[in-house]
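Chains as they are written, first to last, in the numbering used here: chain A, 14 to 431; chain B, 490 to 618.
By construction, these hints were calculated from the structure, which means they are not laboratory data. Heads up, a few of these hints could be off.
[As the list claims (entries may be wrong)] Quick list of the computed label-pair ranges, beta carbon to beta carbon:
| no. | chain 1 | residue 1 | chain 2 | residue 2 | range |
| --- | --- | --- | --- | --- | --- |
| 1 | B | Gly588 | A | Gly363 | 49 to 59 Å |
| 2 | A | Ile82 | B | Gly614 | 32 to 42 Å |
| 3 | A | Gly342 | B | Tyr507 | 38 to 48 Å |
| 4 | A | Gln338 | B | Trp612 | 49 to 59 Å |
| 5 | B | Thr538 | A | Asp335 | 50 to 60 Å |
[To be verified] Some chain A residues well away from chain B (every beta-carbon gap over 10 Å; in silico):
| no. | residue |
| --- | --- |
| 6 | Asp28 |
| 7 | Pro59 |
| 8 | Val149 |
| 9 | Gln152 |
| 10 | Glu166 |
| 11 | Thr252 |
| 12 | Glu341 |
| 13 | Pro350 |
| 14 | His365 |
| 15 | Lys393 |
In this text, a Cβ means the ideal position worked out from N, Cα and C, and glycines have one as well.
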Amino acid sequence: MTQKKMHTSDFRPLDVQAIRADFPIFADTPPLAFLDSAASTQTPRPVVDAMDAYYDTYRSNIHRGIYRISEEATDQYEKARQNVARLINAPRTSEVIFTRNTTESINLVAYSWGSVNIQQGDEIVLTDLEHHSNLVPWQMLAQRTGATLRYLEITEQGLLDFMQLHDVLSEKTKLVAITHVSNVLGTINPIQSVIDAAHAAGAKVLVDAAQSVPHFHVDVQQLDCDFLAFSGHKMCGPTGVGVLYGKMDLLEEMPPFLGGGSMIRSVERDMSTYADLPAKFEAGTPSIAEAIGLGAAVNYITKAGLASIHVHEQELTKYAHDRLQKIEGITIYGPAPHQKAGVISFNMEGIHPHDVAGILDTVNIAIRAGHHCAQPLMKKLDVIATARASFYLYNTLEDVDRLYEGLQKAQALMIRRK
Amino acid sequence: MNIYQEELLDHYENPSNYGTLPNPDITHEEDNPLCGDTIRMDLVVEDDTIKEVRFSGQGCTISQAAASMLTEKIQGKSLEEVKQLSRDDIMDMIGIPLGPVRVKCALLALKVLKAGAYGIKGWPGEENT
Numbered sequence: 014m015t016q017k018k019m020h021t022s023d024f025r026p027l028d029v030q031a032i033r034a035d036f037p038i039f040a041d042t043p044p045l046a047f048l049d050s051a052a053s054t055q056t057p058r059p060v061v062d063a064m065d066a067y068y069d070t071y072r073s074n075i076h077r078g079i080y081r082i083s084e085e086a087t088d089q090y091e092k093a094r095q096n097v098a099r100l101i102n103a104p105r106t107s108e109v110i111f112t113r114n115t116t117e118s119i120n121l122v123a124y125s126w127g128s129v130n131i132q133q134g135d136e137i138v139l140t141d142l143e144h145h146s147n148l149v150p151w152q153m154l155a156q157r158t159g160a161t162l163r164y165l166e167i168t169e170q171g172l173l174d175f176m177q178l179h180d181v182l183s184e185k186t187k188l189v190a191i192t193h194v195s196n197v198l199g200t201i202n203p204i205q206s207v208i209d210a211a212h213a214a215g216a217k218v219l220v221d222a223a224q225s226v227p228h229f230h231v232d233v234q235q236l237d238c239d240f241l242a243f244s245g246h247k248m249c250g251p252t253g254v255g256v257l258y259g260k261m262d263l264l265e266e267m268p269p270f271l272g273g274g275s276m277i278r279s280v281e282r283d284m285s286t287y288a289d290l291p292a293k294f295e296a297g298t299p300s301i302a303e304a305i306g307l308g309a310a311v312n313y314i315t316k317a318g319l320a321s322i323h324v325h326e327q328e329l330t331k332y333a334h335d336r337l338q339k340i341e342g343i344t345i346y347g348p349a350p351h352q353k354a355g356v357i358s359f360n361m362e363g364i365h366p367h368d369v370a371g372i373l374d375t376v377n378i379a380i381r382a383g384h385h386c387a388q389p390l391m392k393k394l395d396v397i398a399t400a401r402a403s404f405y406l407y408n409t410l411e412d413v414d415r416l417y418e419g420l421q422k423a424q425a426l427m428i429r430r431k
Numbered sequence: 490m491n492i493y494q495e496e497l498l499d500h501y502e503n504p505s506n507y508g509t510l511p512n513p514d515i516t517h518e519e520d521n522p523l524c525g526d527t528i529r530m531d532l533v534v535e536d537d538t539i540k541e542v543r544f545s546g547q548g549c550t551i552s553q554a555a556a557s558m559l560t561e562k563i564q565g566k567s568l569e570e571v572k573q574l575s576r577d578d579i580m581d582m583i584g585i586p587l588g589p590v591r592v593k594c595a596l597l598a599l600k601v602l603k604a605g606a607y608g609i610k611g612w613p614g615e616e617n618t
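Could you put together the complete structure from these sequences and hints?
Take a look at the structure:
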């Protein structure tokens, strides 16, 4: 799947050492082995510099300011939007809405689009792999409207059981909300096929791209998805800014989500008319510095090359699988390395995942342990929690070696008398 | 100093008072929704004094070791004394600094004890917040 999507023309091997030099957090010796980018990534210097420049030299509110630095702030904020639109190949810049994060983007669709398009008896199709952010908003919508949630299940290998799709889709289906890449198993879903099938059934499709847009090239025109959501903080950008892409005709028909400043055209005592896209969905002063930071982050990962990032992560994932599999008593969840992104969920027999993460922390290795905001998936896997290592452009084979050694240390410590 | 030192690991591997009681006066079980760790506490109380105590459950080193240490601490104590046990007492008992997530692991046993014995809800140290 991903091979086809990759722009092979921009491929060149990553210069990981040069990349790492841009991240002050890796300056220590020995450096932090940061293996939790699926939760939130580190921030390179150019992103922080772009935000500093705003605060130091042209800090002001955007839009409507009749003075130079406000015009500069507006210009930079809108340039960030153009960068994002280019990244995902959105046909129009006005189809890119800045939100707080993926969660807010999905809630925006659930409240706004959902309020006029979902009724009692309608069905919303989700999958076993959804993060709570692409699950709870739909539960809440279903409870408000009397709609029903249907789930596409995964196979033993952690792959979407695509054959179920045709049984689940019907004329009742109004929306398919699906993650592009599982934040727990790393599974890369065949979303092109899902989108095509959903459209054939007359349903709209929202793609949770929080774990895909940062890692490989995603083209909304090629996919033809109706909505796509992702977060700045998982792609070298700051926290507090996310993106909702939506097709223009859908966004134009949708009622506003939040009301307030910026999103209006004119306000009278009893009613208002609303601004054009994208302002209609950006009520109040937005995260200006953060949006500018996200614009810089888009430049940063584009310059590194998304195809190069993807190939680098595949190499790390395969290497990590090969090494970790040799550890006795380890269970790695999810599909084979070539079918997934740079995410490895695992458990060590006899060691609680919190202890795995705690012991690794003592040797300066950061991984995540817990339910990863995917409790239904944990139940499906029949585990309470897992440990999870995830990769990004700044990780090295040495990080993987340290993980391997750290896990051996955990095993020696915790199962020493058995 | 880190959390994976001998004393804690000893309690984890060879917990004191592990198991259940056939006829407990008080029995209560809760989990930590953050990580799914569970602790059950069984108590036999005579003359307002904890005569026997057992704990059971599953989870990480900290939650299980803290439960083991807590049972040792409360054995033979009066219910009034036990009621006074605080978050700080547990932190002193563990004896090493813990981050905010792992603090909850350490406090789970006391939370279960207080909910079962006195109907006190919430995490120790956060009851009034």
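Evaluated hints:
{"no.": "1", "hint": "Gly588/B to Gly363/A: 49 to 59 Å", "in the structure": "violated, 23 Å"}
{"no.": "2", "hint": "Ile82/A to Gly614/B: 32 to 42 Å", "in the structure": "violated, 47 Å"}
{"no.": "3", "hint": "Gly342/A to Tyr507/B: 38 to 48 Å", "in the structure": "violated, 23 Å"}
{"no.": "4", "hint": "Gln338/A to Trp612/B: 49 to 59 Å", "in the structure": "violated, 39 Å"}
{"no.": "5", "hint": "Thr538/B to Asp335/A: 50 to 60 Å", "in the structure": "holds, 59 Å"}
{"no.": "6", "hint": "Asp28", "in the structure": "holds, 35 Å"}
{"no.": "7", "hint": "Pro59", "in the structure": "holds, 31 Å"}
{"no.": "8", "hint": "Val149", "in the structure": "holds, 15 Å"}
{"no.": "9", "hint": "Gln152", "in the structure": "holds, 17 Å"}
{"no.": "10", "hint": "Glu166", "in the structure": "holds, 22 Å"}
{"no.": "11", "hint": "Thr252", "in the structure": "holds, 18 Å"}
{"no.": "12", "hint": "Glu341", "in the structure": "holds, 19 Å"}
{"no.": "13", "hint": "Pro350", "in the structure": "holds, 28 Å"}
{"no.": "14", "hint": "His365", "in the structure": "violated, 4 Å"}
{"no.": "15", "hint": "Lys393", "in the structure": "holds, 15 Å"}
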